[in-house]
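Please model the entire structure based on the sequences and the hints provided.
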Amino acid sequence: MASPSRKKYDVFLNFRGPDTRLTFTSHLYKALNDKKINTYIDNRLDRGGEIAPALLKAIEESKISVIIFSRHYATSSWCLDELVHILKCHETNDAAYVIPIFYKIKPSDVRFQKGYYELEERFKDRAKKERRLKWKDALTKASNLFGFDSSSNTVR
Numbered sequence: 000m001a002s003p004s005r006k007k008y009d010v011f012l013n014f015r016g017p018d019t020r021l022t023f024t025s026h027l028y029k030a031l032n033d034k035k036i037n038t039y040i041d042n043r044l045d046r047g048g049e050i051a052p053a054l055l056k057a058i059e060e061s062k063i064s065v066i067i068f069s070r071h072y073a074t075s076s077w078c079l080d081e082l083v084h085i086l087k088c089h090e091t092n093d094a095a096y097v098i099p100i101f102y103k104i105k106p107s108d109v110r111f112q113k114g115y116y117e118l119e120e121r122f123k124d125r126a127k128k129e130r131r132l133k134w135k136d137a138l139t140k141a142s143n144l145f146g147f148d149s150s151s152n153t154v155r
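Sequential numbering from 0 applies to the sequence shown in numbering that gives the first Met the number 0.
Hints are not guaranteed to be accurate.
Stated by the list, open to error - With a straight-line cut-off of 20 angstroms between C-alpha atoms, the simulated PhoX-like cross-links for lysine-lysine are:
no. : residue 1 : residue 2
1   : Lys140    : Lys113
2   : Lys105    : Lys135
3   : Lys87     : Lys62
4   : Lys62     : Lys140
5   : Lys135    : Lys123
6   : Lys140    : Lys105
Unchecked claim - Restraint-style ranges between C-beta atoms, simulated for each label pair:
no. : residue 1 : residue 2 : range
7   : Glu129    : Asp33     : 41 to 49 angstroms
8   : Arg5      : Lys128    : 35 to 43 angstroms
9   : Arg5      : Pro52     : 13 to 21 angstroms
10  : Thr139    : Lys35     : 18 to 26 angstroms
11  : Asp33     : Lys113    : 32 to 40 angstroms
12  : Glu119    : Lys35     : 27 to 35 angstroms
13  : Ala30     : Glu120    : 31 to 39 angstroms
14  : Lys35     : Asp124    : 22 to 30 angstroms
15  : Lys29     : Glu120    : 32 to 40 angstroms
None of these hints come from the bench; they were simulated from the model.
Ideal Cβ placement from N, Cα and C applies to all residues, glycine included.
What follows is the structure in C-alpha cells.
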C-alpha cells in the first residue's frame, strides 16, 4: 500500500456508471476538480472480467474513497469488488477515509441487503459463496460509516 504522505489522489470515486455517471457523479467530479482536488474517476465504459491492477492501485493511492450507492450499484460485481478493496485499504491504511453517499437509495437497504441490494439470488450462479459473503460484509460495513443520505438530505 502507498504511504499516507505519498498518495497520488485526494479522492477515488466508486460508482455504478449507468446510474450516476452522467448525473450526480459527473457533477461531483467537476466540483472536486474545480476546487483543485485531485480526483480519480474510471471513465472506461467497458466492464466485465477482473478489476484492472491500475484501478486497484488507484484505490490504494487515494486519501479518500467516495462510494456512491445507487439503485443498481449492487448489480455490478465490478463495483462490489472495488468496494471490498476500498474497505480492505480503509482497515489496513491509516489515511484511507471512506465516505458513503446513498444516492436515491435507503441506507438500510444497503446495510441489510434488501431490495436492489439483495445479492444471493442475483449472483447465485455467477459468484462463489465466499465472494458473495465478502460483498455482503463490505456493504454492511460501508453502510454503517458516516456518510450522506440524498433522500433525506442528511449526514448520518
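Evaluated hints:
1. Lys140 with Lys113: Given that 20 angstroms is the threshold and the Cα spacing comes to 15 angstroms, the pair holds.
2. Lys105 with Lys135: The hint holds at about 16 angstroms.
3. Lys87 with Lys62: holds (14 angstroms)
4. Lys62 with Lys140: holds (19 angstroms)
5. Lys135 with Lys123: With Cα atoms ~13 angstroms apart, Lys135 and Lys123 stay inside 20 angstroms; holds.
6. Lys140 with Lys105: Judged against 20 angstroms, a Cα distance of about 15 angstroms means the pair holds.
7. Glu129 with Asp33: 41 to 49 angstroms: Given range 41 to 49 angstroms: holds, Cβ gap about 42 angstroms.
8. Arg5 with Lys128: 35 to 43 angstroms: Between Arg5 and Lys128, where Cβ atoms are some 37 angstroms apart, the hint holds.
9. Arg5 with Pro52: 13 to 21 angstroms: Because 18 angstroms falls inside the window, the suggested range holds.
10. Thr139 with Lys35: 18 to 26 angstroms: violated (35 angstroms)
11. Asp33 with Lys113: 32 to 40 angstroms: holds (36 angstroms)
12. Glu119 with Lys35: 27 to 35 angstroms: Violated - the Cβ-Cβ distance for Glu119 and Lys35, about 43 angstroms, lies outside 27 to 35 angstroms.
13. Ala30 with Glu120: 31 to 39 angstroms: holds (37 angstroms)
14. Lys35 with Asp124: 22 to 30 angstroms: violated (46 angstroms)
15. Lys29 with Glu120: 32 to 40 angstroms: holds (37 angstroms)
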